[in-house]
Every structure is written in structure tokens, then in C-alpha cells.
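Enquirer: Take a look at the letters that make up each chain.
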Amino acid sequence: MSVDDKILSDLVANNVEFVTTVPCKQLAGVIDKIENSPDIHHVPSNKEDEGIGLCAGAYMGGKRSAIIMQNTAIGVTINTLVTLTQFYRLPLPMIISYRGELGEPVACQVEMAVHTKALLAQLHIPTYHFHKEEDVTELDAILKHTYMCNKPVAVLTDASFWKGY
Amino acid sequence: MIRSDVLREIAPIIADQLVVCNIGLPSQELHMIDDQPSTFYMLGTMGLSSSIGLGVALAQNKKVISIDGDGSVLTNFGTLPTIANNVADNFILLIIDNGSYGSTGDQPTYAGKKTSLAAVATACGCENVIECAAEDTAEALRRAIEGDKMTIIVCKCESGNIKVPVITMDPVVIRARFMTEIEKRNG
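Same order as they appear, the protein sequences are chains A and B.
Position 107 (the first sequence) corresponds to 107 in UniProt numbering; numbering is contiguous.
Position 75 (the second sequence) corresponds to 75 in UniProt numbering; numbering is contiguous.
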């Protein structure tokens, strides 16, 4: 099973029925699977904090939700993560492409990569780093953990996990 | 009419509806006028009332009214194309447009100057956009609730605030009672 298929099937198996996405080259395959899945309502967002608002609403409306975005968006979403998702204790799996790690061709991406884990740690957001393809086997447990603890949880997926792009 | 007058007039109309209310004075005023468990009060996160409301509307079948402000919509402009392209006929966005950032001291917004939020919403692809005077908001909202079409109402009113206490309810309590109401109504 491809990594994209595994991510989709874990989301579906954990009853995640509402996913919002912001485009990313690395995540393009999984975004495509989500768009074409009959089990998931896909709502593309124009900005990541907007997407987190949509996810908060969908969860309160009765559907488990998740966001797919780049790590550069951590800067955009800090206020929303803290004053909406954490303040109201809402669960939110965040599947994040970890741009700027080994294999990154665009120098500017490294600037945000060096801050990503520190920011997530400062926000007390449980963080998992997928570096090798087999790391994806943890996703099912991470999703269960997210809904157990009602927190935003970050899954960082780097270029070596995606085998380049 | 100022925003609190509009909220007073629409309070009986929205009392039995699912409502997501904008951060700051709108939530504080609505809470003081008529607190309902079916209202989600935003205590932070300026700009996301429309996004949260659309999320709730897309996830279940009951009507949802997002009460927003012109300043907040300007903060999250990307919301209008998202709303236009993800039509939920159980969603109403009521923008109370007083041309100012009320909660921070009535600094003027661009919506009070050259920018028309109704024209922007239309340009973004929203199909039912109504701009009305403050006095006509209650009637426009009543009609929108009766009609089963996603509607954006831009209510033009005067800027101005009244003295209101802050909301001290725990956010988790606000969220839990809102979710309980949604479950009950969809159950």
C-alpha cells in the first residue's frame, strides 16, 4: 500500500470525515486521494487558520476533522491553535509537510524548518516526525491518541519520508 | 441603530437557532441580551466566525447563523470564496457592518470607506447576497431562515458600543453545551 493510500485509509478507519487542505507539492498525492474519497468531505482552504476554523466547526457539528498543510503555516496558525483549538479543547490531527529538512532544494524553507519543532514544543503540541516510509505505521495510533486527549497533534512528514518530490 | 440594537432585534429570531458569534463585543452583547446554549461564543481568534459556522453547517443538517463583523471578515477575506464554493444551504452569514473595529475602540475599517463587502461576496461567487439597512435586518434574517438557501446578509449600521461585562463562562463549557444542542437537534 502506498503512503498516500495508508494515510487515507487510517483517516477513514478513524472516522475522520472532514478534511481541509492547503496545497503542497509533497502532499499533493494524499490531497488527491482525499478529494476523490467518498468517505471524506474535502474543503480546500485559502489559508491555514481559516482551515482550522472550519475543522473546529465541523468537529462541533459532529464530524471528526483534520488539516493537511505545510510547516511554514505554523507561523500563520499559532493564534488559532492556541485561542480556538487548545482553549476550547478540540482534537485536531495536523498532517504537515516538513519542508526545509534534508533533501530540501529551496533555501528559504530551511528558515522555518529550524523553528518548527521549537514552536510546536513551546505550544505543548504533541509532535511526531515521519522520516522513513515505515514511520507511517504510527499514524493510526497517533489519530487515536489525538481523539483521546482532545488536542491538536502534529505529524511532521519530511522530504526523505516522501522520497523527494 | 448600532450593533447592540441590531442584536436586540434579532435575538428572538435566533434564540432557537445554532449561532456562532464573533469575538469581543458582539459575543458579550449577545450573551448579555439573551444567553442561549445553542450559541457558540468566540472568546478569541478574530476572523473565524464565518469559517467555524460553515464547518458546523457542512457537518450536520440544522441551520447555522454566523454573526460576524466587517472588520473580522476583512481579517479572513479568504473565507468568502470558500463559502461560495462549498455551498451549505443551512448556512447564513450575517455581517453586521458598522464600518469600524468596534471591540478595539471603533477604528474605521475599509468596509466603512470604499470597500463593499456585499459586492466582494458577490464577486467571490456567493449567490444570495443581501445588503440591508440595520432596521431591516430582522426581517431579512427571518426570510433567510425560512428560505433554504445559503445567504449572506450585510447589515449596514452605525458604529458605537454599549458597556457590557466580559463573558466569564469556561470555553469548554461553551463548547460542550453547544455540541449537546447540536446533537440533540440532529438526534
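In case anyone wonders, no lab produced these hints; they're calculated from the structure.
The beta-carbon is built from N, C-alpha and C at its ideal position, and this holds for glycine as well.
Do not rely on the hints blindly, as some may be mistaken.
List time: in silico DSS-like cross-link candidates among lysine-lysine, alpha-carbon distance up to 30 angstroms [said to hold, decoys possible]:
1) K113/B with K144/A
2) K163/B with K113/B
3) K151/A with K62/B
4) K62/B with K184/B
5) K33/A with K151/A
6) K151/A with K184/B
7) K151/A with K114/B
Part of the chain B face toward chain A, derived, beta carbon under 10 angstroms [claimed, not checked]:
8) A11
9) P12
10) A15
11) Q17
12) S49
13) L58
14) V64
15) L74
16) T79
17) P171
18) I174
19) E183
Enquirer: Hint by hint, note whether the structure agrees.
Expert: Here is how each hint holds up against the structure:
Only pairs whose Cα atoms come within 30 angstroms are accepted, and K113/B paired with K144/A is rejected, the gap being roughly 49 angstroms. Simply put, K163/B and K113/B have alpha-carbon atoms about 26 angstroms apart, close enough for the 30 angstroms limit, and the pair holds. For the hint pairing K151/A with K62/B, the CA-to-CA distance comes to about 26 angstroms; that is within 30 angstroms, so the pair holds. Annotation: proposed proximity of K62/B to K184/B holds, straight-line Cα distance about 11 angstroms (limit 30 angstroms).
Restraint check for K33/A and K151/A: satisfied, since their Cα atoms lie roughly 25 angstroms apart, inside the 30 angstroms limit. Simply put, K151/A and K184/B have alpha-carbon atoms about 25 angstroms apart, close enough for the 30 angstroms limit, and the pair holds. Straight-line distance between C-alpha atoms of K151/A and K114/B comes to about 42 angstroms, which puts the hinted pair past the 30 angstroms bound. Of the supplied interface hints, the one on A11/B is violated, with its beta-carbon coming no nearer than about 22 angstroms to a beta-carbon of chain A, more than 10 angstroms.
With its C-beta approaching chain A no nearer than about 24 angstroms, P12/B sits outside the 10 angstroms limit, and its interface hint is violated. Look at A15/B: its Cβ only gets to about 19 angstroms from chain A, farther than 10 angstroms, so that hint breaks. Annotation: Q17/B was flagged as interfacial toward chain A, and the flag is violated, the nearest CB pair being 14 angstroms apart, outside 10 angstroms. For S49/B, the shortest C-beta to C-beta distance to chain A is roughly 8 angstroms, which falls under 10 angstroms, so the interface hint holds.
Because the smallest distance between the Cβ of L58/B and any Cβ of chain A comes to about 6 angstroms, under 10 angstroms, the interface hint for this residue holds. For V64/B, the suggested interface contact is upheld, since its CB lies about 8 angstroms from the closest CB of chain A, less than 10 angstroms. Proximity of L74/B to chain A is violated relative to the hint, the smallest CB-CB distance being about 13 angstroms (cut-off 10 angstroms). Checking T79/B against chain A by beta carbon gives a least distance of about 6 angstroms; that is within 10 angstroms, so the hint holds.
Below 10 angstroms, beta-carbon pairs count as interface contacts, and P171/B has one with chain A at about 5 angstroms; its hint therefore holds. The beta carbon of I174/B is positioned within 10 angstroms of a beta carbon in chain A (closest approach about 7 angstroms), and the interface hint is therefore held. The restraint placing E183/B at the interface with chain A holds, with a minimum CB-CB distance near 7 angstroms, inside the 10 angstroms limit.
Hint compliance for this structure: hints 1, 7, 8, 9, 10, 11 and 15 are broken, all remaining hints hold.
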